[in-house]
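Student: Residue strings, one per chain:
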Amino acid sequence: MSESGDIVLCARAIVKRFESGDSELEILHGIDLDLRAGERLALMGPSGAGKSTLLHILGLLEHPTYGTVDLDGRDAWSLSTQERARLRNRYIGFVFQFYHLLSELDAVENVMLPAMIAQSRGEFRLDRRAHLAKARDLLSNFGLAHRLKHRPAQLSGGERQRVALARALFLDPPLLIADEPTGNLDRDTGELVLDLLFRAQQERNLSLLLVTHDERLAERCSRVLRLEAGSIVGAVSGRG
Amino acid sequence: MYRVFLSWRFLRSRRTNLIGVFGIFLAVGALILILSIMTGFLEETRRSARGSLSDLIITLPPYSDSRRPRDPAPVLELLRADERVEGASAHLGWMCILTRQDERSLRILVDSQSSEIAGIKLTGVDPATEDDATEFRPSLDTVGRDENGDIVAPRLRVANLADPFAAPPEYDASVGRPRASVIVGEKVMTYHGLRRGSFITLMTAVPDPASDTGWSAKKREFVVAGCFRSGENEIDLERVYIDRGQLARFLSGVSEDDALPQDSIHFSEVLVKLKDYERDAEAARAAFGAQLFRAGLIDESCSIRTWEEFREALLGAIENERVLMGIMLSLILVVAGFTIFAILSMMVTEKRRDIGVLTALGATPRGVLVLFLLIGFWDALIGALFGAVAGTWMALEIDPLERKLSETFGVQIFNREVYLFDSIPSVVTPLAVAAIVIGAFVCTLVFAAIPAWRAANLDPVEALRNE
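Protein chains in written order, with my numbering: chain B, 123 to 362; chain P, 102 to 568.
These are calculated hints, taken from the structure and not from any lab test.
Honestly, I wouldn't trust all of these hints.
Covered by chain B, per the in silico footprint, the following chain P stretches (three or more residues, Cβ under 8 Å) [stated by the list, open to error]:
id	region
1	102-110
2	456-469
To list a few chain B residues with every Cβ distance to chain P over 12 Å, as calculated [as the list claims (entries may be wrong)]:
id	residue
3	His222
4	Ser344
5	Val358
A virtual CB, placed ideally from N, CA and C, is assigned to each residue, including glycine.
Looking at chain B on its own, in the form it has when it is part of the complex (with noise of 0.2 Å):
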């Protein structure tokens, strides 16, 4: 977590509006930002003052309005759609509140899914013995060596998260983005998948961003920006 470290994310002057009936609705008024190699960075605000819309921008889901998002040394929003889909998959590990896993897959194919996006048909076939010990391996250091082969159905909330978390670092990216990870789960299931998420974040050197309504959550990062109705009104360094 080195405050010197590269910069892996820049975002400049990024500006949402939306179309509402004759009029225009700007969400994000110019907002810029950076994350560097190993740095936990927490987005905080109140409802509707723009946490997820940027997180969507930044995360390469939604196209701002104006503005530009730098990944991997490249402006993001300029790259074809393909290009951008691939960064995507190779940069960025997502970390939904509501887990999102596919029903159709056990657990060990949940984490696996970046890596069948990645690779072509036989290129998986090549390597399948090799994502199959990683698959294995990260969801075992996660506690769920017993889950491997259920599916999210049968999985409780916590273990959800938990292999959400193994999908989100199976391909090593160097960025991850997490939106309310506990915001879902109980107290101390809550604290159980965030002490995994930062293990796995310090132990990788990965730069984290992350949005919560959690106080205490945000004190565990290095910094803390605050957006109120589309700007950034303060930036706090935390404790983590």
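Let chain B serve as the given structure and place chain P on it in line with the hints.
Tutor: Coordinates of chain P only, in the frame set by chain B:
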């Protein structure tokens, strides 16, 4: 990798996909079965029409002022000399009215709504050479057979296949004046309640320059020597065979035992069978026309037609029915495709969140499009494969299947008497099966493309918010 893997998983996880698969199975199976039967009908009809008509038919209207020879010998000689010709035979055709000395004949004559007819086409043939050009003798041998091929009613057949116009054993030649024999169509036999040895009276009109009207009436009593079955309804209903010489005597008004007068009408058409119809038909027709015309054996009033042209209306109608049936049954494919469209649309709605997740994990819109197209592809593959196997099997086994079903339910599904076929004709054409399977794939993929396109264009953010 994920497209094939996930499409298969999505397919297996949703039982409703089976409805789509079943729809395609049913459509492909039904199309193959019905088209095979229609093709069978067409080929069977072509076969029977060819059997009675030979390959080329030269029609020579016997006008009294014609300078053409009255005897067919020169025409037959010229034709038989051609190496492309397998055989040739002369016919003399004349329309007659058939009556008997019973009330049935009167009933047939007065009933305008009756399907039983009194008008018949009396066809004079040369038994010695007829088989060179047509399937005359086999038609005498296929009378009333049951499913095992055994003759059901031997009393209806001619007594002597080698000399079919010989007086039948049931006929006592010593009673009254001598009578010539005729062989009637199976339906004529049934409608008029005839048996071998029955007497029938044939009446007609012949040109007569001495008469006020230009015509004079002729009638004569004949004895039924047996019946034939061509398999073609029209022929079996209207045709009566007679020795050509005896027909010429009847029309000339001379007795059965007398010599034919020189000016009598001897023949009205010549039937030619070619060694290779497909190869030689057109060339032979042109060559025969030119040669016969140069030799003064035909004139402008004559025509040379192929058997297909002769039966153009009938064959065209069956072919038309086959195409129409194919088009109508293709609608089942459209319905099956629509089912797949509905199921996939439902799936896209239900899988919105998963589509969002896949996009977040790096799937492209094109990848999502292919993923949902593949689900349609699996539907088509399973449905079309099983449908093709089941349809082909049913088409090949339709006859025993029909008999079994008829036996089980006590209902006659296929009336062999109506169609004059001993078994349900069915011909499976590999090309047609391939076309139907390809059609099923195209139809399914076109219908699957619409929901797949919708899935590919889903906003991932909207999809992920969908909790």
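Student: Checking C-beta pairs, does the region 102-110 of chain P have three or more residues closer than 8 Å to chain B?
Tutor: The restraint on the region 102-110 of chain P holds, since 6 of its residues have a Cβ under 8 Å from chain B and three suffice.
Student: When I compare C-beta atoms, does the region 456-469 of chain P have three or more residues closer than 8 Å to chain B?
Tutor: It holds: at least three residues are needed, and the region 456-469 of chain P offers 12 whose Cβ sits within less than 8 Å of chain B.
Student: Just checking, His222 of chain B versus chain P, shortest CB gap more than 12 Å?
Tutor: violated (5 Å)
Student: Does the claim that Ser344 of chain B lies off the interface hold, with its Cβ farther than 12 Å from every Cβ of chain P?
Tutor: holds (25 Å)
Student: Does the claim that Val358 of chain B lies off the interface hold, with its Cβ farther than 12 Å from every Cβ of chain P?
Tutor: Holds, because the least Cβ-Cβ distance between Val358 of chain B and chain P comes to about 29 Å, which exceeds 12 Å.
In summary, the structure is inconsistent with hint 3 from the numbered list given earlier, while agreeing with all the others.
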